[in-house]
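These protein sequence lines are chains A and B, in that order. Numbering-wise, my numbering puts 1094 at position 231 of the first sequence, and it's gapless, one number per residue. Numbering-wise, my numbering puts 320 at position 255 of the second sequence, and it's gapless, one number per residue.
If you are wondering where the hints come from, they were derived from the structure by calculation, not from laboratory data. Quick caveat, the model's predicted, so the values are computed rather than measured. Wrong hints could be hidden among the right ones.
To give a feel for the contact side, a few chain A residues facing chain B, derived at Cβ under 7 Å [unchecked claim]:
(1) E1095
(2) T1147
(3) L1151
(4) S1172
(5) G1174
(6) P1175
(7) L1179
(8) H1183
(9) L1241
(10) L1248
(11) P1249
Going by beta-carbon spacing under 10 Å, a handful of chain B positions derived as facing chain A [claimed, not checked]:
(12) Q244
(13) L296
(14) Q310
(15) Q313
(16) V316
(17) L321
(18) T326
(19) S329
(20) V330
(21) E331
(22) A353
(23) R405
(24) A408
Even glycine gets a Cβ: it sits at the ideal position worked out from N, Cα and C.
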Amino acid sequence: MTIPTQPPDFDALGDEAFRAAVRTFLAGHHPRHLRNPAKRLHWDEARDWYLILASHGWLAPSWPRRYGGMGLSASKQLIYVDEFERFGAARLPDHGIILLGPLLIRHGSEEQKSHFLPKILSGEHIWCQGYSEPNAGSDLASLRTEAVLDGEEWVINGQKTWTTLAQDANWIFLLVRTAKGGKKQEGISFLLAPMDSPGITVRPILNIHRHDEFCEVFFDNVRVPKGNLVGEINRGWSMAKALLGFERIFLGSPRQSAHALARLKHLARHLGVWDDPVFCDRYTQLALDLADHNALFETFADRLRRGESLGPDVSLLKIHQSELFQRITDTMMEIAAEHAGLLDPIDGDRDLDPAGLFLTARAATIYGGSSEVQRNILAKSVLGLPS
Amino acid sequence: MSIDADRLENIRMIRDSAQAIAKRGDLRRARDWRDRSPGFDRAVWRSMGDLGWIGLRVEEADGGSGLGMLEFCALVEELGATLTPEPLIAAVAAVRLLGRNAGSDRLSGGRIVLLAWQERTGSLDPTGGASFAGGRLSGCKRFIPSADGVDEFLVTTESGLVLVPRDAAGLTVERSLGQDGGHLATLHFDGVQGELLPGDAGRVLDEAALATAAYLLGVIEGALALTVDYLKTRRQFDAPIGSFQALQHRVVDLTLQAALTRASVESAAACLDGGAVGAEAQAAVSRAKARASDAAMLVTRQAIQLHGGIGYTDECDVGLYLRKAMVLAPAYGGAALHRRRYAALQSPMDEVVDEP
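Input sequences plus hints: build the corresponding full structure.
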């Protein structure tokens, strides 16, 4: 596997030329059978697509070019994600690319950057994220997995959960408690650990589809070198939180709902309910909600294009998108009637899978900060309501 | 659609200039003119003329300011936030249709002309109700706001436009009181003499519908601001009621509707300013008006509930917002009508939704 030494200079292209280039790239290179996958792909299924992106220098849109990324402007990153989502490109095991890479680039040492970044791009290191714990979900800062310095090594004990695709990963980045007492956010550090370390046990969890999408990860006296700490000790919380700045807009991307609405339309045609005025009114309402969501998304995207940063009000996008996605799939369930109770897609057509999409939609209002937590944030940070 | 920095600055300046007449948080004028003829202040109307608001949508060559829908919507939103009673939307529509015939007296606010387009509820067709034959106008037009205090009506018919003075022989003005303390008129034309002017009201009606959505956006913001303030100050159970999560989440949902309404109105205005015509423009307007009408009723209803007992009193300003929304949510087509029109237009959204 070779990484191109000189990735193409995308900045030289205008936005619309870049959009065309992304479309051409996807049409020419994306494996056909991986389009719009019903489930999150495991590494063995996604590897080919990962390496195709890597070999063309298309894997890391947000990373600067000197680290092998595409070095895209905010405007072009929005186009990149928009076109990938519109195409139905398969989501990669992308925690190294999206989360760890940018954090290392900002806070990692030179050695960490030169050691880890190329291995993310080559697919040699597949990363998973160890943040949530059984008793630290919405209240993440109360996490208890701890790391204690013993000579030249950190000794980690505790448990992580909802660790997406941990069974496929060979490295984990995790938030650990390194100080007790005081403000709970201020005793958290950011550590890197190989998944084959003695003392790590991975136990897959079946999600509501009965798919092993995420895992529990147990740490029993796991020892990693002192140098695996990223940034300063006890500063992991603010590092991890700052990272979710720009990316939070993508949790509110209209594409998930747009995809679902297209499926609803397809289903309505198949079931012959398009003449039902009650259904038509419901459909129009959903189409209007999506169109207005697009408009709202664009107002946030405009801020990024103008070089502004996003405020806490971006939570509005996540709430509306995820709840709209659910309302669309609710309508699918209603028109699918008895089909909604069947396990397999209608007539074996995987684009006619109301029950599958309905179940998938359950997660959208939970991950990335539940709708309730987002509303708490908006009430306090945007409206200034008292605690 | 991205708006460039110069345009944003212009829009900001228009909002600022609106504060001279419509200062956010000040509802005294709105309250004073309730149930009092003609329901608005002709001196303020003059000031609006001086500020160039009446001719905002008239071409510069015809004596107007030639500004776009983004500017018009920003201005009207400020008027909505303060429940400004002057009938600017119906006047802007009339002078825009008059174009080069608008004349400086009307544009400066000396003479007030309003559009009279509507035959009945549930229709956006401006051609019905009144007909023009043999130099005479007959029939009727309904739901004209603040008709008591104006000088002329520009009446739409199948054959074209007819300009009718309020005191014309054969015109009877029948007024009904409105929920907002204003009044709405039915005009009965019994062989009123007039002259036919060319003009197609279709596009102007869409602009008026969008401007009404912008006014409702202001209503939403005004009601929401009062409510958030109230939640911060009202104490029960030894705590500000705004600290209760059930109320916080509800007001966040209203804030989301306000944000969607703003995005919808501004994107529709940008769409019209970008040169969209026909189905694309109509779909954008219908989307914005459907959102604004529903959201304004939702937010103002909930604003009453979140205020509790005081919200049900005449003394509390929040009720003024609800009763304005009751008049304007259905004006120029309510939410159901615009949803139906959007569906019938097979909006461009359908293409966006289809997979490539």
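Now for the hints, and whether the structure bears them out:
{"no.": "1", "hint": "E1095", "in the structure": "violated (35 Å)"}
{"no.": "2", "hint": "T1147", "in the structure": "holds (4 Å)"}
{"no.": "3", "hint": "L1151", "in the structure": "holds (6 Å)"}
{"no.": "4", "hint": "S1172", "in the structure": "violated (17 Å)"}
{"no.": "5", "hint": "G1174", "in the structure": "violated (12 Å)"}
{"no.": "6", "hint": "P1175", "in the structure": "violated (11 Å)"}
{"no.": "7", "hint": "L1179", "in the structure": "holds (5 Å)"}
{"no.": "8", "hint": "H1183", "in the structure": "holds (6 Å)"}
{"no.": "9", "hint": "L1241", "in the structure": "holds (5 Å)"}
{"no.": "10", "hint": "L1248", "in the structure": "holds (4 Å)"}
{"no.": "11", "hint": "P1249", "in the structure": "holds (5 Å)"}
{"no.": "12", "hint": "Q244", "in the structure": "violated (26 Å)"}
{"no.": "13", "hint": "L296", "in the structure": "holds (6 Å)"}
{"no.": "14", "hint": "Q310", "in the structure": "holds (7 Å)"}
{"no.": "15", "hint": "Q313", "in the structure": "holds (4 Å)"}
{"no.": "16", "hint": "V316", "in the structure": "holds (6 Å)"}
{"no.": "17", "hint": "L321", "in the structure": "holds (5 Å)"}
{"no.": "18", "hint": "T326", "in the structure": "holds (8 Å)"}
{"no.": "19", "hint": "S329", "in the structure": "holds (5 Å)"}
{"no.": "20", "hint": "V330", "in the structure": "holds (9 Å)"}
{"no.": "21", "hint": "E331", "in the structure": "holds (7 Å)"}
{"no.": "22", "hint": "A353", "in the structure": "holds (8 Å)"}
{"no.": "23", "hint": "R405", "in the structure": "holds (8 Å)"}
{"no.": "24", "hint": "A408", "in the structure": "holds (4 Å)"}
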